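Participant: Given these sequences and hints, build the entire structure.
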Amino acid sequence: GQNIDQPTEMTATEGAIVQINCTYQTSGFNGLFWYQQHAGEAPTFLSYNVLDGLEEKGRFSSFLSRSKGYSYLLLKELQMKDSASYLCALGSGNTGKLIFGQGTTLQVKP
Amino acid sequence: DAGITQSPRHKVTETGTPVTLRCHQTENHRYMYWYRQDPEHGLRLIHYSYGVKDTDKGEVSDGYSVSRSKTEDFLLTLESATSSQTSVYFCAIGLAGAMNEQFFGPGTRLTVL
Numbered sequence: 001g002q003n004i005d006q007p008t009e010m011t012a013t014e015g016a017i018v019q020i021n022c023t024y025q026t027s028g029f030n031g032l033f034w035y036q037q038h039a040g041e042a043p044t045f046l047s048y049n050v051l052d053g054l055e056e057k058g059r060f061s062s063f064l065s066r067s068k069g070y071s072y073l074l075l076k077e078l079q080m081k082d083s084a085s086y087l088c089a090l091g092s093g094n095t096g097k098l099i100f101g102q103g104t105t106l107q108v109k110p
Numbered sequence: 111d112a113g114i115t116q117s118p119r120h121k122v123t124e125t126g127t128p129v130t131l132r133c134h135q136t137e138n139h140r141y142m143y144w145y146r147q148d149p150e151h152g153l154r155l156i157h158y159s160y161g162v163k164d165t166d167k168g169e170v171s172d173g174y175s176v177s178r179s180k181t182e183d184f185l186l187t188l189e190s191a192t193s194s195q196t197s198v199y200f201c202a203i204g205l206a207g208a209m210n211e212q213f214f215g216p217g218t219r220l221t222v223l
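Heads up: the protein sequence lines correspond to chains A and B, in order. Each residue of the first sequence is one higher than the last, beginning at 1 in this note's numbering. Each residue of the second sequence is one higher than the last, beginning at 111 in this note's numbering.
No lab work stands behind these hints: they were computed from the structure. Bear in mind the structure is a predicted one, so any value in this text is a computation, not a measurement. There could be a bad hint or two in this list.
Said to hold, decoys possible - Here are the computed lysine to any residue pairs in the SDA-like style, where the Cα-Cα straight-line distance is at most 25 Å:
#: 1; chain 1: A; residue 1: K81; chain 2: B; residue 2: D148
#: 2; chain 1: B; residue 1: K163; chain 2: B; residue 2: T125
#: 3; chain 1: B; residue 1: K180; chain 2: A; residue 2: N94
#: 4; chain 1: A; residue 1: K81; chain 2: B; residue 2: Q147
Facilitator: Right, dumping it as structure tokens:
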């Protein structure tokens, strides 16, 4: 299986840094994805890791360690608009299928 | 931006009735996916397609069927809707082949009474 675990909820302060963790148990996957989803809206792509290490995209960075079954999404300089759910997903097989975790709801407070 | 629409956006129906949801894309992408999203389970893959008339099952395919007779349209059918199929349904397209990011449509909120 591909059990994917994320914390259900997190709270952080505007301007701060927050790290959202994702752990998984799987026999193999192509890549690890992070999506953002605002309430009532569709998920939108944030980042993608294939190899171990850190991928940086502006205020957002994502890290992957395949040997540890672990990824995290790092959000810097938090803004109120970053309040959303963050979904971790594993890419499966050669047809682009994604298996999602249940997501972490982040609330940013002033 | 990838052009992807879903119709209807909202639907209320009764148990036992057939329901078809439509996903339409404007950019000729090969891969298309149907998901449902529920608070207790998150986002789960129902069916996917890797070309015209080429479809396969996802994690939660029971009670659902799909068809893809044209590249641009991917239909999801609930043959006999049940209350457990009340959910938000998202269609997605694979933007650049099988290994890359998916772009999601706006979603359809379905309520089965």
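Participant: What hints, given by number in increasing order, does this structure fail?
Facilitator: 2
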